[in-house]
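Novice: Using the sequences and the accompanying hints, generate a full structural model.
Chains as they are written, first to last, in the numbering used here: chain A, 1 to 397; chain B, 1 to 68; chain C, 1 to 292.
The hints are simulated quantities; they were obtained by calculation from the structure and are not laboratory data.
Think of the CB as a built atom: it goes at the ideal place given N, C-alpha and C, for glycine as much as any other residue.
Careful: at least some of the hints might be erroneous.
[Claimed, not checked] Pair ranges (Cβ atoms, derived):
| id | chain 1 | residue 1 | chain 2 | residue 2 | range |
| --- | --- | --- | --- | --- | --- |
| 1 | A | Gly97 | C | Gly138 | 23 to 31 Å |
| 2 | A | Met198 | B | Val41 | 37 to 45 Å |
| 3 | A | Ala176 | C | Phe238 | 53 to 61 Å |
| 4 | B | Val11 | C | Glu194 | 23 to 31 Å |
| 5 | A | Gln223 | C | Phe285 | 56 to 64 Å |
| 6 | C | Lys60 | A | Arg242 | 45 to 53 Å |
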Amino acid sequence: MLFTRMMEGNEAAAWGARLSRAEVIPVYPITPQTEVISHIANFIAREEMKAQYIKVEGEHTAMAAAVGASTAGARVFTASASQGIVFMEEALWMPPGRRLPIVMCMVNRSLAPLGGLRPDHNDSLLQRDNGWIQLYCENSQEVLDTIIMAYRIGEDRNVYLPVAPCYDGYFVSATATPTTVPDQAEVDDFLPPYKHEMYNLMPEEYEPIPFYRPIAESRYEVQQAHERAKRVIEEVDKEYERRFGRSHDGLLEEYACDDVDAVLLTMGSMTGTVRDVVDEMQAEGKRIGLLKLRAFRPFPTEELQKLAEGYHAIGVVDRNTSYGSAGGGIVSMEVARALYLLEEKPLLVNFHVGLGGSDVTMRQVRYMAGKTLEAVEKGRVDSMVDWVELKDLGEVM
Amino acid sequence: MSQIVRSFRPVVDLGKCIKCGLCQTFCPEGTVMLKGGEEVVFDYRFCKGCGVCANECPSDAISMVREA
Amino acid sequence: MGLNSLFDEYYEKSFIQGGTTCCPGCGGPLLWRIILEILGSKTIIYGDGPCAMCAVRNIKLPNFNLHFSFIADTATGVVAALAAKGREDITVVSSGGDGATADISLGKVSAAAERNENMIQICVDNEAYMNTGIQKSGLTPYGAWTTTTPLGKEAPKKDVPMIIAQHNVPYVTTASVAYPKDLQAKIRKAKGTEGFKYIHVVIPCPTGWRFNPAKSVEVVRLGVQAWAWPLYEIEEGFLRLTLKPRQRPVEDYLKAQNRFRHLTDEQIQYIQGEVDRKRERLLEFDGKRIIL
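Specialist: See the structure below:
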C-alpha cells in the first residue's frame with residue numbers, strides 16, 4: 001500500500017490510469033471529467049508516469065486515436081462525459097466490434113438541452129447497446145479499483161472488450177472520500193502488460209485482419225464475450241480482494257438484505273444515501289434492503305433472478321429518462337426483462353429521481369422505500385413510474 | 001476468387017514494342033509486366049481490360065481485342 | 001517460372017495484390033503501387049472507407065480501415081502506440097479521400113498538422129464522393145457535374161494543400177499519378193522527414209468524371225499540363241514548383257471529361273482565367289517563403 005488519504009473521484013481515476021500503466025492517453029476536456037486529464041498531465045510532467053498523452057481536438061478524435069493505438073498494441077486510457085460521450089458515439093462502436101480492450105471513464109453528466117452540468121445516467125446508458133462493459137462506481141476508492149480491474153477484465157482473452165467505469169459527476173468526481181492507493185509493484189503483479197492475441201499490426205508479425213466475415217457471427221461473438229465477461233468480472237473482483245483486501249462485489253451487491261420484503265435497486269453515487277436510509281428504516285423495523293447494480297453491461301440477469309426470488313417487490317431507482325418507453329426508466333426495463341421468466345415474480349416499482357443531477361435526498365429515498373413496501377402490502381403497483389421530484393414530499397411523509 | 005468480367009483484353013504486338021515499360025508503369029492493377037525487359041506479358045487472371053496500357057503505349061503496340 | 005507465379009512474386013514485391021475491386025481505370029490502386037515501392041515493408045497504412053478500401057485491402061502490409069470520419073486521428077493513435085513501444089522505425093501512412101480530407105475530417109487533419117504528428121497524410125483526391133455514387137465534395141472543382149450538382153458546382157475547389165501549409169508543417173506537396181517519378185521522389189522526401197507530411201494526389205475516376213477508362217492517365221496528365229493541377233512542394237515554408245509544363249488550354253482538359261460537357265464558353269473562359277491567375281501567383285512565389 002502506497003498511502004491513504006482523502007481524494008476526489010477524478011484524482012482517483014487518474015491514479016487508476018497511472019497504476020495500470022496506460023501507454024497512450026488521448027484526451028479532450030469536458031466538465032466534470034477535466035481533473036482526470038489534468039492530474040494525468042501533471043503525473044507525466046513530473047515524470048511519475050510514462051505515457052503518450054495526446055491533446056486532441058474533440059471527443060470523436062479521442063476515441064478514434066484510442067482505437068488506432070489499441071489496434072497497434074498499446075494500453076489505452078481516456079475519459080469523457082455527457083455531450084462528449086454522445087459526440088464520440090460513432091467511434092464508440094469501433095472498440096467492441098474490433099475487440100479492443102480500451103478503458104474509458106464515463107463521468108456521468110446530464111445531456112442538453114434538458115440537463116445541466118450535474119449528473120444523471122442518460123449519457124452512459126445511451127451507450128448500452130454498442131458493446132462496452134459498463135461498471136457503475138459509488139466512490140473514489142471504487143473508481144480507482146475498478147479502473148485497474150477494468151484492464152484485467154477487458155484484456156482477458158475470453159473477453160477482449162472495452163470497459164467503461166462510470167461514476168457520477170460532482171457527487172463522485174469532485175467529492176473527496178478516503179482512498180487507498182495501492183503500490184505500483186502490487187498492481188504490476190496483478191496486471192501483466194497488454195498483448196492482444198487476435199491481431200498485431202507490427203510489420204514483422206502482421207496477419208491480415210479478415211475482411212469479409214458473416215456479420216451475425218461476429219455480433220454473436222461479441223454477445224458471447226459479454227456472457228463470459230460476467231464470470232470474469234466476478235473472478236477478477238475476488239482476486240483483487242485477495243491481493244488488495246477490497247471487494248466491490250463484482251456484478252451486483254446485496255446490502256442488508258437478510259430477511260427483507262423488498263429492495264431498492266440503485267446505480268452510482270445515490271447508493272451511499274440509500275445505504276444510510278436502509279439502515280435507519282431497518283432499525284425502525286421496516287423490511288427494506290438494497291441492491292446495488294454495479295454491472296449494467298453485461299446485465300447480471302441470472303444473478304438478479306436468483307436474488308429476486310427472495311423479495312416481494314423491487315423498487316428500481318432510475319436516474320435517467322426514456323421518453324415514450326414501454327414503461328419507466330431504462331434500468332427498470334432491463335430488470336423487467338430479466339425477471340419476466342421467473343414464475344414467482346416480485347412486483348416492480350419504478351421511480352425517476354435525481355434527474356439533471358438534482359440531489360437524491362434521504363427524504364426521497366424514504367418515500368421510495370415506503371412506496372415499494374406499500375406495493376408489497378397491497379399486492380399491486382399503482383403506477384408504471386413515479387416521478388418522485390414532482391411530488392410534494394412534505395405532505396406524504 | 002471471383003472471375004473478372006472483361007469486355008476487352010490487351011494483346012501486344014512484340015514487333016512494334018519498343019520495350020519502354022510504360023504499360024507496366026501505368027497499369028492501374030499491376031497486371032502488365034515487361035518480363036526480363038524484353039517481353040510484355042499480361043496477368044489475365046486480374047486484368048480488367050480498362051485499356052490504359054494500350055492508351056499509354058507510345059508505339060501503338062497494344063491493342064484491345066473483344067473477349068469471345 | 002510460370003506466368004502466374006511470376007505475377008504472384010511481383011505482387012508480393014510491390015506489396016499490393018493485383019485484382020482489386022476498384023473500377024477499371026481507377027487511379028487508386030495505381031497510386032498505391034507507385035508509392036508502396038518507396039514506402040517499403042516497414043509501413044503501417046490507415047485507409048478510409050468507401051472507394052479507398054477497395055484498393056487498401058489488397059495491400060500486403062499492415063493496414064486497417066475505419067470510416068471516412070476518422071482521417072488522421074486513428075493514425076495519430078498508431079503513431080502514439082509506436083512511440084510508446086519505441087518503434088519509430090515504422091512509417092505511418094494515413095490516407096483519406098477528398099470528401100474525408102476537405103469536408104468531414106478537415107478539422108482532424110488540421111489538428112494532426114497542428115500537433116505535427118509523425119505521419120504521412122495522403123489526400124487521395126478524385127474530386128467527389130464517388131463510392132456513394134458521385135456527389136459533390138469540398139474538392140469538386142467549379143462547374144463539375146455530380147449527382148448533387150446537376151447544373152455544375154457553383155463554388156470553386158477548396159485549396160487544402162495551402163490550408164495545411166499554413167499550419168507550418170515540415171512538408172506539403174501536390175502530386176499526380178500521371179507523373180510517377182515525381183510522386184515517388186516526394187514520397188521519398190516525406191519518408192525521410194520527421195513530423196507531419198501532407199501529400200495531395202489527384203487520381204482519375206473514369207466513373208465519376210465520365211470518360212473512357214483507357215484515358216485515365218491521359219486525363220490527369222492533361223490536368224497537370226493545363227495547370228489545373230499544378231505540381232509543387234512546400235518545404236519548411238518555401239514553395240517550389242516541381243514541374244513547369246508548357247501551358248495547354250484548360251479547355252483540352254475539360255473537354256476530355258463529360259462531367260464538364262455542359263459548360264458554356266463563358267464558364268470555360270472563367271475557369272481559364274482562374275487557372276491563369278493561380279499559375280501566375282505560383283510562378284511569382286516559386287522559390288519563396290509563403291508562410292507568414
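Novice: If a hint holds in the structure, say so; if it doesn't, say that too.
Specialist: Okay, the hints, checked on the actual structure:
1. Restraint check, Gly97(A) to Gly138(C): a C-beta distance of roughly 29 Å satisfies the suggested window 23 to 31 Å.
2. Between Met198(A) and Val41(B) the beta carbon distance is about 40 Å. The supplied range of 37 to 45 Å therefore holds.
3. Range check, Ala176(A) to Phe238(C): about 55 Å between beta-carbon atoms, so the 53 to 61 Å window is met.
4. For Val11(B) and Glu194(C), the hinted distance range of 23 to 31 Å is not satisfied, since their beta carbons lie about 48 Å from each other.
5. Judged by the Cβ atoms, the range 56 to 64 Å given for Gln223(A) and Phe285(C) holds: they are separated by roughly 59 Å.
6. A hinted range of 45 to 53 Å holds for the C-beta pair Lys60(C) and Arg242(A), which are about 47 Å apart.
Checked against the numbered hints above, the structure breaks only hint 4 and satisfies the rest.
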